[in-house]
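Given next are the chains, with one letter for each unit.
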Amino acid sequence: MEAITFLFDGFQTALQPHNLLFAFIGVLIGTAVGVLPGIGPMSGVALLIPVTASMTTGLDPAQAATSSIILLAGVYYGAMYGGSTTSILLNTPGESSSVVTTLDGYQMAKQGRAGSALAIAAIGSFVAGIVSLIALVLLAQPLSNLALKFGPAEYFSLMLLGLAAVSGLAGNSMTKAWMMTVFGLLLSTIGLDSVSGVARFTYDISVLYGGLEFLTVAVGLFALGEVFKAILHKEKNDGEIAKIGRIIPSKEDLKESAGPIARGSLLGFFVGVLPGAGATLASFFSYIVEKKLSQTPEKFGKGTIAGVAAPESANNAASGGAMIPLLTLGIPGSGTTAILMGALIMYNVQPGPLLFDEHPDVAWGLIASMFIGNIMLLILNMPLVKIFAKIIETPSKYLLPLIIAISIFGVYAVQVTTFDVLLLIAFGVFGYLLSSHDFPLAPLVLGLVLGPMIENNMRRALTSSNGDFMIFFEKPISLVLIIAAVLWVLVPLFMKLKGKNVVINEDM
Amino acid sequence: MKKWMSFIVMGVAMFVLSACGSSNVTKESNQHSNYPTKPIVFVAPSGAGGGWDLTARAVTKVLNETKLVKQTMTVENKPGGGGAVFMAEYATQDKNNDYKLFVSSPPIIINNLKAEGNSPFGYKDTTPLAQLTKDFGAIVVKADSKFQSLPQLIDEIKKKPKSVTIAGGSAPGSMDHLIAILPIYKSGIDPKIVKYVSYDGGGEAMAALLGGNADVIATDASSVEEYVKARKVRVLAVSAPERLGGNLKDVPTMKELGIDAEFTIWRGVFGAKQMSDDAKRFWEDTFKKLSEHEKWKEELTTQGWQPEYKGSDEFVQFLQEQEKLIRDMLKSLGMYK
Numbered sequence: 001m002e003a004i005t006f007l008f009d010g011f012q013t014a015l016q017p018h019n020l021l022f023a024f025i026g027v028l029i030g031t032a033v034g035v036l037p038g039i040g041p042m043s044g045v046a047l048l049i050p051v052t053a054s055m056t057t058g059l060d061p062a063q064a065a066t067s068s069i070i071l072l073a074g075v076y077y078g079a080m081y082g083g084s085t086t087s088i089l090l091n092t093p094g095e096s097s098s099v100v101t102t103l104d105g106y107q108m109a110k111q112g113r114a115g116s117a118l119a120i121a122a123i124g125s126f127v128a129g130i131v132s133l134i135a136l137v138l139l140a141q142p143l144s145n146l147a148l149k150f151g152p153a154e155y156f157s158l159m160l161l162g163l164a165a166v167s168g169l170a171g172n173s174m175t176k177a178w179m180m181t182v183f184g185l186l187l188s189t190i191g192l193d194s195v196s197g198v199a200r201f202t203y204d205i206s207v208l209y210g211g212l213e214f215l216t217v218a219v220g221l222f223a224l225g226e227v228f229k230a231i232l233h234k235e236k237n238d239g240e241i242a243k244i245g246r247i248i249p250s251k252e253d254l255k256e257s258a259g260p261i262a263r264g265s266l267l268g269f270f271v272g273v274l275p276g277a278g279a280t281l282a283s284f285f286s287y288i289v290e291k292k293l294s295q296t297p298e299k300f301g302k303g304t305i306a307g308v309a310a311p312e313s314a315n316n317a318a319s320g321g322a323m324i325p326l327l328t329l330g331i332p333g334s335g336t337t338a339i340l341m342g343a344l345i346m347y348n349v350q351p352g353p354l355l356f357d358e359h360p361d362v363a364w365g366l367i368a369s370m371f372i373g374n375i376m377l378l379i380l381n382m383p384l385v386k387i388f389a390k391i392i393e394t395p396s397k398y399l400l401p402l403i404i405a406i407s408i409f410g411v412y413a414v415q416v417t418t419f420d421v422l423l424l425i426a427f428g429v430f431g432y433l434l435s436s437h438d439f440p441l442a443p444l445v446l447g448l449v450l451g452p453m454i455e456n457n458m459r460r461a462l463t464s465s466n467g468d469f470m471i472f473f474e475k476p477i478s479l480v481l482i483i484a485a486v487l488w489v490l491v492p493l494f495m496k497l498k499g500k501n502v503v504i505n506e507d508m
Numbered sequence: 001m002k003k004w005m006s007f008i009v010m011g012v013a014m015f016v017l018s019a020c021g022s023s024n025v026t027k028e029s030n031q032h033s034n035y036p037t038k039p040i041v042f043v044a045p046s047g048a049g050g051g052w053d054l055t056a057r058a059v060t061k062v063l064n065e066t067k068l069v070k071q072t073m074t075v076e077n078k079p080g081g082g083g084a085v086f087m088a089e090y091a092t093q094d095k096n097n098d099y100k101l102f103v104s105s106p107p108i109i110i111n112n113l114k115a116e117g118n119s120p121f122g123y124k125d126t127t128p129l130a131q132l133t134k135d136f137g138a139i140v141v142k143a144d145s146k147f148q149s150l151p152q153l154i155d156e157i158k159k160k161p162k163s164v165t166i167a168g169g170s171a172p173g174s175m176d177h178l179i180a181i182l183p184i185y186k187s188g189i190d191p192k193i194v195k196y197v198s199y200d201g202g203g204e205a206m207a208a209l210l211g212g213n214a215d216v217i218a219t220d221a222s223s224v225e226e227y228v229k230a231r232k233v234r235v236l237a238v239s240a241p242e243r244l245g246g247n248l249k250d251v252p253t254m255k256e257l258g259i260d261a262e263f264t265i266w267r268g269v270f271g272a273k274q275m276s277d278d279a280k281r282f283w284e285d286t287f288k289k290l291s292e293h294e295k296w297k298e299e300l301t302t303q304g305w306q307p308e309y310k311g312s313d314e315f316v317q318f319l320q321e322q323e324k325l326i327r328d329m330l331k332s333l334g335m336y337k
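Protein sequences, first through last, are from chains A and B.
Read in UniProt numbering, the first sequence has 312 at position 312, and its numbers run on one by one without any break.
Read in UniProt numbering, the second sequence has 53 at position 53, and its numbers run on one by one without any break.
Quick caveat, the hints were computed from the structure, so don't treat them as lab data.
It is possible that part of the hints are untrue.
[Said to hold, decoys possible] The calculated DSS-like cross-link candidates involving lysine-lysine, where the alpha carbons are at most 30 Å apart (straight line), are:
(1) K146/B to K149/A
(2) K162/B to K149/A
(3) K149/A to K255/A
(4) K160/B to K149/A
(5) K255/A to K299/A
(6) K159/B to K149/A
(7) K195/B to K149/A
(8) K124/B to K149/A
(9) K149/A to K142/B
(10) K229/B to K149/A
(11) K149/A to K61/B
(12) K124/B to K146/B
(13) K195/B to K158/B
[Claimed, not checked] What the simulated footprint calls covered on chain B by chain A, stretch by stretch (three residues with Cβ under 8 Å from a Cβ of chain A suffice, anywhere in the stretch; the number is not a length):
(14) 151-159
(15) 273-285
Just so you know, even glycine gets a beta-carbon here, dropped at the ideal spot from N, CA and C.
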């Protein structure tokens, strides 16, 4: 196999002592970036570019490029490992891709299983990292062609499937879940419409041109909402502190997580390959799939380990998958990969169709270093679990102000406007009101993510077909996805009609 | 093995030094005034990592390394509304702040003129100090496309406008759209008939082209070179005044094809509207020196940017011309404010 020989050369590059060090610095900073709210992977990588540039002066250009990109990519996938930490411990997602992890992760932490949750997140991320790398080595070329086949019609149908699957995020009432989904979709229409260029619901206020920032809304709803709830409801267990149990996941935990990790890795990888879909969607999809497949779906949202394992594997696998369009086509699928691409270009290494021919040392060195980096991350993260898990033992009178401070600091650091801080607080209050009336929050957040993608791709597809809706049925991939979406909704309904005991609407 | 350690030590040291900057206030020898006496902020009105951000960081880095500016310079990111959020604040609260400059490009004109998502403030609410780089628009088709030349494409659009899908990386009424319609508008065809599909960024538009979901894309010339080299795409024309070099040397300009169209995607630095004369003089002088400095030329090469320097007056004149062109195009699209 040709790829294996190249990979072997890549390992020779990646195993040079200075590259090992660069990979280590990268994953270390990446973990920190992931854990600290406010510095997302995107700004983390962007701010490190000049630093790596001065660190590598003196090396010859090709080597400098390899070393820099090894470090920067380390930050990127390292952040995916760290991103789960605050979601699990504080219900405060640091990155949009770990919003779903809060659903079960925080519940686990409350039950004193923070250690298991953090450990499984690290193990899941590791497995996913390795799986997606193997897939990257073996499937890069065919998959990059598949990614190109994904046009607006296919994206629309995929997003429709995502929307149909929203039932997976419902709590007790399907009706409430749909209400929240629609509300999320409505919120997503705020801002400059990128298809027509028309400003919607902006009232000439320029901060609204870009729409509502997803992370601000999510942190407000989840983290602040939870804080308000804790303060106002003065739970009886005031003095009682959740104890951290064991750090190492039990055998049952591992057994329960194996399937979700495997499926999350594969699903995350394939979603990651599609430019624009990204890690956030991958994490949502894998969570929903696990809930659907689970024999005990009612446990989801109440602290089941599969609900942490699946999305955390998926978002890490997605970051591996996103390397395919970046390296083979020169098309960055996300903000962070766009910045990685900028860094490569600075070293005169142009990602794109010629990268593997012109700079095999850089490309394969990077891939090999990602194998090593993932191992480093696992070794680095397991001991950290023990330290981080201690946070949960903090009494709530210290913990709650800490969550508020971290949320506000984090949102302001990314958005740099007071508007977003106000928005954060407003959504905090709103999140409290919603969740205390049993409205599920996750469908709202999913609606907000899917809204622009579903709308823009539908209109792109219809523009190019001159308004003919058949475009969604004529394209084979799109047709398959639409059929899947329809079945997803209809099958439970039919089974219900036939008198089978299926959960569609428990409380109505 | 000692060698790489020293690189790192050096690198870290350099980073720390540049972060601390030189806090000693020294007078510019050839200046009569003391300006600048305080640290200077360069604003990139976008998030980290975009074109404006890279430019701001490159400029401050070289100004610092070459000691052209001895005060500390920091780069601040002010994302939001495609720069409109920053402009609203800058034009009202910083109008005589000598110590805050920012980097911009044609959207500063476009956003001020277009009806939707309008930014009430434009370059006229600032002091344009210098243009530093240039790039051009390109009309690109897939390598196996039936379109061999721009006139052939325009002809097809004229005859069967619904059959040609043009994609770009930004919303209608913004830069990629204007580049797409430029040759069509200049050929005397109503640009409203053009079927334009917007994607979230040039990369996604390129993916649409390569995947057969768009027939043509409009983008910036520098970003297509690699695809030309790999024989994946064909560039039908560029909006430059004369032919570009490198992989695009065989691509005709729009002018060569008999279409009187030209569009420069510039990047430049702006200061506050009521900037003091001392400050203005200092920056004009500094950016001129910067544009001639070897270090800056090196930086341009590593970033893959084309140099083009225009001093303040010349830059203002150029902006006026471009503003007129953009206004005409937006009017013809019915998108003028």
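Where does the structure disagree with the numbered hints, that is, which hint numbers, in rising order? 3, 8, 11, 12, 14 and 15
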